[in-house]
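**Student:** Listed below, chain by chain, are the residues.
Number of protein chains: 4
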Amino acid sequence: MSELRVAVVGVGRMGLTHAENIVHRTRGAQLVAVTTSSAERAEAVRRCCGAVPVYDNLDRLIESKSLDAVIISSSTSAHVENVERCAAAGLHILCEKPLGLSLEDCDRAVNVVDTAGVKLMIGHTRRFDAGYEEAKRLIESGAIGRPVLYRSISGDVNPPPLAFADLGVSGGLILDSMYHDIYLGRWLMDDEIIRVYGEGGALIDADVGSVGDVDNAVVSARFAGGAMATLTASRTTRYGHDLRGEVIGDEGAVQIGRLQKTPVRWLDKAGAHHDAVFTTPERMGDAFVTMLQSFVDCILDDTEPPVSSQDGVATLSVAIAARHSIQTGEPVTLDEQPIPPVLGRDLMKKIQ
Amino acid sequence: MSELRVAVVGVGRMGLTHAENIVHRTRGAQLVAVTTSSAERAEAVRRCCGAVPVYDNLDRLIESKSLDAVIISSSTSAHVENVERCAAAGLHILCEKPLGLSLEDCDRAVNVVDTAGVKLMIGHTRRFDAGYEEAKRLIESGAIGRPVLYRSISGDVNPPPLAFADLGVSGGLILDSMYHDIYLGRWLMDDEIIRVYGEGGALIDADVGSVGDVDNAVVSARFAGGAMATLTASRTTRYGHDLRGEVIGDEGAVQIGRLQKTPVRWLDKAGAHHDAVFTTPERMGDAFVTMLQSFVDCILDDTEPPVSSQDGVATLSVAIAARHSIQTGEPVTLDEQPIPPVLGRDLMKKIQ
Amino acid sequence: MSELRVAVVGVGRMGLTHAENIVHRTRGAQLVAVTTSSAERAEAVRRCCGAVPVYDNLDRLIESKSLDAVIISSSTSAHVENVERCAAAGLHILCEKPLGLSLEDCDRAVNVVDTAGVKLMIGHTRRFDAGYEEAKRLIESGAIGRPVLYRSISGDVNPPPLAFADLGVSGGLILDSMYHDIYLGRWLMDDEIIRVYGEGGALIDADVGSVGDVDNAVVSARFAGGAMATLTASRTTRYGHDLRGEVIGDEGAVQIGRLQKTPVRWLDKAGAHHDAVFTTPERMGDAFVTMLQSFVDCILDDTEPPVSSQDGVATLSVAIAARHSIQTGEPVTLDEQPIPPVLGRDLMKKIQ
Amino acid sequence: MSELRVAVVGVGRMGLTHAENIVHRTRGAQLVAVTTSSAERAEAVRRCCGAVPVYDNLDRLIESKSLDAVIISSSTSAHVENVERCAAAGLHILCEKPLGLSLEDCDRAVNVVDTAGVKLMIGHTRRFDAGYEEAKRLIESGAIGRPVLYRSISGDVNPPPLAFADLGVSGGLILDSMYHDIYLGRWLMDDEIIRVYGEGGALIDADVGSVGDVDNAVVSARFAGGAMATLTASRTTRYGHDLRGEVIGDEGAVQIGRLQKTPVRWLDKAGAHHDAVFTTPERMGDAFVTMLQSFVDCILDDTEPPVSSQDGVATLSVAIAARHSIQTGEPVTLDEQPIPPVLGRDLMKKIQ
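Line order of the protein sequences matches chains A, B, C and D. When we follow our numbering, the leftmost residue of the first sequence carries the number 1, and every step to the right adds one. When we follow our numbering, the leftmost residue of the second sequence carries the number 1, and every step to the right adds one. When we follow our numbering, the leftmost residue of the third sequence carries the number 1, and every step to the right adds one. When we follow our numbering, the leftmost residue of the fourth sequence carries the number 1, and every step to the right adds one.
Hints are computed from structural coordinates only; laboratory data are not their basis. Misleading hints may appear alongside valid ones.
Copies of the same chain are indistinguishable here, so a pair counts whether it falls within one copy or spans any two.
Said to hold, decoys possible - Once the Cα atoms are required to be at most 25 Å apart in a straight line, the calculated DMTMM-like pairs of lysine to aspartate or glutamate come out as:
| no. | residue 1 | residue 2 |
| --- | --- | --- |
| 1 | Lys136 | Asp297 |
| 2 | Lys261 | Asp250 |
| 3 | Lys261 | Glu134 |
| 4 | Lys261 | Glu140 |
| 5 | Lys269 | Glu251 |
| 6 | Lys269 | Glu134 |
| 7 | Lys261 | Glu282 |
| 8 | Lys261 | Asp275 |
| 9 | Lys261 | Glu133 |
| 10 | Lys261 | Asp286 |
| 11 | Lys136 | Glu282 |
| 12 | Lys269 | Glu133 |
Start from the sequences and build out the full structure, keeping to the hints where you can.
**Tutor:** This is the structure in structure tokens:
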């Protein structure tokens, strides 16, 4: 296979970005189709990607037999079904995070993928950001010694539409946003989280509360190796899209984050000022390209995806536990070996 | 009273700093005596403060009847007894934090103080730092809207001597260090913490664990008004004395902290570099002077101390609850009106 | 014209970047050809841009009659001749800076362009950097009042190859690098430089001196409106590719620059550290795309190019004057109306 | 001599600071008197320093024979006469910079000092700032290799009173303010400036121009060893008291400066913000104490003052040359051995 034939399933904001990146910024791949039932989205695709076949549903796309891989950027609640059908059709898959909204669903999807022998990569974008990659490299180089504390924050400027905040659609703040902090923590600390305790509330946007979600949350976490973490997620950081991570080791620390957008500072009688990033593309634009290229390369080179389905399932386990803790006011302990096949299924099922 | 006559009780590292600041940097006060039974410490006082009467115990100092106020910087475990005796003698008191190691002790001391009608101020130094004062001013000005998240970290470069780490001497990491994060949070958020959950461990320095203490800890906290907090304390931030605070509101945020010591950056093939503060005086030197002046002024002007005994007791309540949570693995709920006289005494007594 | 047919003349490092950006990152344009006589460069083009016709000289390209516009990224010493031939052939032109090495040459080229009625834009990349654009916007908004001081620095990590440093090839440090500081100053201050005085030397790399160039230089400059500037250019900023600009007005200031590459800071016993950019693409990558898009748009929309040939000539005048001052040790005064047709030709010709 | 008896000659803003620092922050010295003919200033001294003898002129102070050393903080135009009389009386001297307004005057004063065998230290405060000291240490450690470029800026928020701006009183912007940049450059680069060219103007405050001074100026300078400098001085940096220095070597660079006052950053929809220092004490307060201690120590220990009279004369030479260049539009060359006794007296006398 000299050039990977890729289709994008679901061309909302993220799917459109993936389509555009496949066409304009990825080596070794071509965009062969998208799926959408909306004429307006089809037109948006045409504008940024040129003439591309548009299928109004996944079945028709699969029947076309003209592709090698799919990027699934449909609604989270449809991820598992989409993954199962694409895997069954022998297609390699890059699926937006989270893989699903329940561990049972995810297990089922992973089984189908394993049986089909296709590759499944989870779209944990931030892990491909140059900042997080450099931090990981520094930690692995021994620059900070043994990691003992992890601090992370994810701040969005505004709550999402209510339809999205709904726990049954996106999983809510914890599964949708703090999920990133959990994934990055597991990756940077090279360890699994085994206990979480959370506080959360719909403090600012009562509507978010009306669909069962929170707009701000904090979580304390414990890793299997003893290290500790504080995770913070907010939908109301009005001052910018605030993504920060920090790992403190017994010989040093590493801090990741850049709120400033342009390299400009202005000064007047009121002090010194600089601007801020307010959207994900402003901060993470390059990471989307790096992630996509990484997906394409792992298929062309037949190597393991850098983010596995097990990563997706383990991260989701912690997120579900954290959400449960926030809802009940009790700490939740995961099995000390949370990687499948064990994964504390008995406990975890109870709390989903 | 035109000039306050002040004695310093206990001239260890902190007491010596107080003595020197009274002599050289405070208006309206004079140093009339110190207490110490060590000839070496007496000599240290003489070197930095000139000829000052030295008493070898508190009784003799009180008998001298030559003073108006004391600064108590003895061991934490002796605070309450010292406060009681000085208050009974009619002396105004600035007592290093924490006021005591148990709430019962503190209540007893506060009763003696109230009966005697003297002023008792708790030495919460960081609150007098220009950075925290500016942050408080900004929050009160409405610059960040309603505060919803508080994040704080206190990092010391090395664990203290084992004799000090002992829970019965200093109260350990939580009562000695995270105490600051709790006090500052209550003050900056203008609210009381009503629930805490903590994780902690002697991850790096096993000796610290041998005396019952931890060297790293994280705590999730909930305020009465709904806001949330993450508190982090470490005795092993080898890269510097890392004190940071952050309040996120529904219209903005404020961040406090400066690790850099000199205003110098050097650059070479390996990148850009700057130095760091490694000790409390390097970061907080001016705050000690401001605190002392504030104590002197409140007596000379007969106004309320800016940090009351109730502040001390409420902060200690939360610290004890956090330490208990770390020890038991369970969240601890304080009464929703934790200010005395209520203060959740029944629960709190149980967990001390 | 729905899509601009563009050829790249000269595919060295910069030309290759332009070719790749036309193919992958520019709307409304297609790459129809490149010129190079090197099989190795032709292969490099094929790798990053796919199959594109390659001509071994400019004449053959022009004869092909299959194009609307060219990007001239040949050696500086060939710019003027290339511009003249392309203009005569009715092609629109984006020419790398500087337009030429002498004002007479530039005048001649501009005459040909004007007669042919084609568009000529000079490739002043830094002006399209988001940082400089934001600074310009702030100044024009009145945020800093009336500009009175301009400070600029351009630092390269290493001297260029000797063959390039040669004054007859690149114009040397002042025409090649400080040229940027001059152009940006004219643009940000919205004023013309009328007097310069410079000091320069081959302080570090004696070889650079052997071909008549300097490796470090400083220039004091005066604007027609009275404002002042200091310009610094270095080929030996080993710590990174250091591009900074600053405008101080009578009500505030604006500072532009970012040396840090990844948004990561690491900390250890030696202090805090961050990395740096070391190459132009690391710092200015996006500006190349913005510049190219701007060129394409001005042709498709038939508007004036944002950087005119007069900008190129006026900037070159100041650069030549500064180089002359460095060589002679005397200040050089330009006419107070340095914009063509006057431009102080009599003085300027003498000093070239 | 166990404790140095010091008097302060002239208790304007700076003299009062010196008096207060002698009393409250200096080891080994006591304040024995001040001179002032103003009852209001005498009262100001009493408020901050307690009861101190006040003499209404220098003669009476000298007659009192109760002192070992003086700090001369009278008007610059009176420095030389004050130095001569104190030296003749056998007193050690710390004299505010500049030592005088002409080189002839300075030479005369230095002769008297040398004959009397007393110590004369020039009050170059910034050299005692922790930032500049750390930068000097880094340069001497070899961290940046061989220094080749020096960039310095001194910005005051507002022009001084007209009576002070007068060239005959303070020497104007160049002798009063850019003098610092010159001194620091000589010190940091460990080399002498041998050629200067300046541009200056009263761009913002026409009144300053009416007394012969400028409010903004830039200077290019050349060191004897070949290195180069740009110096910028402004009386109109409305955004703060902006003091920055930078040395670029052939292996790295060092940058000095801190505009931020409190360690606080606030963030809102308009971006991120921090405050600034606006006065010299806010930025340089500690340096005044360090300088004073250094003066006291060099007398008590009978060592050479860290800033010699030759430093003062050499710095003044360059400042006068720079002012002359600004006034004439011509570069000024100093002798290559500008240290006395040579110092280019013939040239320098002509231009004063």
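**Student:** Would you mind marking each hint as holding or not holding in the structure?
**Tutor:** To see whether the hints hold, each was checked on the structure:
| no. | hint | in the structure |
| --- | --- | --- |
| 1 | Lys136 x Asp297 | within (21 Å within a copy, 41 Å between copies) |
| 2 | Lys261 x Asp250 | between (32 Å within a copy, 21 Å between copies) |
| 3 | Lys261 x Glu134 | both (19 Å within a copy, 10 Å between copies) |
| 4 | Lys261 x Glu140 | between (29 Å within a copy, 20 Å between copies) |
| 5 | Lys269 x Glu251 | between (41 Å within a copy, 7 Å between copies) |
| 6 | Lys269 x Glu134 | between (37 Å within a copy, 17 Å between copies) |
| 7 | Lys261 x Glu282 | both (7 Å within a copy, 16 Å between copies) |
| 8 | Lys261 x Asp275 | both (6 Å within a copy, 18 Å between copies) |
| 9 | Lys261 x Glu133 | both (20 Å within a copy, 12 Å between copies) |
| 10 | Lys261 x Asp286 | both (14 Å within a copy, 13 Å between copies) |
| 11 | Lys136 x Glu282 | both (22 Å within a copy, 20 Å between copies) |
| 12 | Lys269 x Glu133 | between (39 Å within a copy, 20 Å between copies) |
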